[in-house]
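Engineer: Sequence:
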Amino acid sequence: MNTTRLRIIFILSTIGTLFAGTVTAKQIVAPATEPGLLSCVGLSILGLSPCPYGLALFIILAVLSGLMLYRQMKLTLWLKLSSIIGVVFSGWVVWRELCLPAIQKGPLFWETFSLARVPACAWGFLVFLAVLWLCFNLKRPSVASNQV
Numbered sequence: 004m005n006t007t008r009l010r011i012i013f014i015l016s017t018i019g020t021l022f023a024g025t026v027t028a029k030q031i032v033a034p035a036t037e038p039g040l041l042s043c044v045g046l047s048i049l050g051l052s053p054c055p056y057g058l059a060l061f062i063i064l065a066v067l068s069g070l071m072l073y074r075q076m077k078l079t080l081w082l083k084l085s086s087i088i089g090v091v092f093s094g095w096v097v098w099r100e101l102c103l104p105a106i107q108k109g110p111l112f113w114e115t116f117s118l119a120r121v122p123a124c125a126w127g128f129l130v131f132l133a134v135l136w137l138c139f140n141l142k143r144p145s146v147a148s149n150q151v
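In this note's numbering, the protein residues as written are 4 to 151.
Derived by calculation from the structure, the hints in this document are not laboratory data. Fair warning: there could be bad hints in the mix.
[To be verified] Derived Cβ-Cβ restraints for the label pairs, each shown as a range:
| # | residue 1 | residue 2 | range |
| --- | --- | --- | --- |
| 1 | L84 | I14 | 15 to 25 Å |
| 2 | I14 | I106 | 17 to 27 Å |
| 3 | L46 | F139 | 24 to 34 Å |
| 4 | I87 | L51 | 13 to 23 Å |
| 5 | K77 | K108 | 42 to 52 Å |
| 6 | P104 | Q75 | 29 to 39 Å |
| 7 | R74 | F116 | 39 to 49 Å |
The C-beta atom is built at its ideal place from N, Cα and C for all residues, glycine as well.
With these hints in hand, go ahead and build the complete structure from the sequences.
Structural biologist: Printed below as a string of structure tokens:
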């Protein structure tokens, strides 16, 4: 198992947990009405914004990667499955919140677009993608043969 990549997965998952936790806490304390880096606006899933679901997925990834890293447990399949679910879920939210409005509004959307208004789920999506890529590249180091 490549511990460097596993350590990066653990760090990214922890950062994702902190970020999603901050956004979720902000939603609970004072719901955000402006789209942006620390907001989840518009979409409601079972009465909640997508943020708590993203938080749960990041916690699962952090726990799984932590167990694999520090307890040497073999949970690669669960780590891959969790990261796939994270990418699919956050990708769907990004499609609904960012891509679909861009398609529907056309050039008008891009006239008012700024990175500061990109919803939190889009940044979470990028982290989930990075974790997914790393998960599928967790290979045992190859042993170089010195045979002639």
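Engineer: Indicate, hint by hint, whether the structure satisfies it.
Structural biologist: Hint-by-hint comparison with the structure:
Checked against the hint of 15 to 25 Å, the pair L84 and I14 passes, with Cβ atoms roughly 20 Å apart. Between I14 and I106, the C-beta spacing of about 35 Å breaks the proposed range 17 to 27 Å. Hint check: L46 to F139, Cβ distance near 28 Å, so the stated range 24 to 34 Å holds. Between I87 and L51 the CB atoms are about 22 Å apart, so this pair conforms to the stated range of 13 to 23 Å.
Our hint of 42 to 52 Å for K77 and K108 holds, since their Cβ atoms are close to 48 Å apart. Between P104 and Q75 the CB atoms are about 46 Å apart, so this pair departs from the stated range of 29 to 39 Å. Here the CB-CB span from R74 to F116 is close to 45 Å, well matched to the stated 39 to 49 Å.
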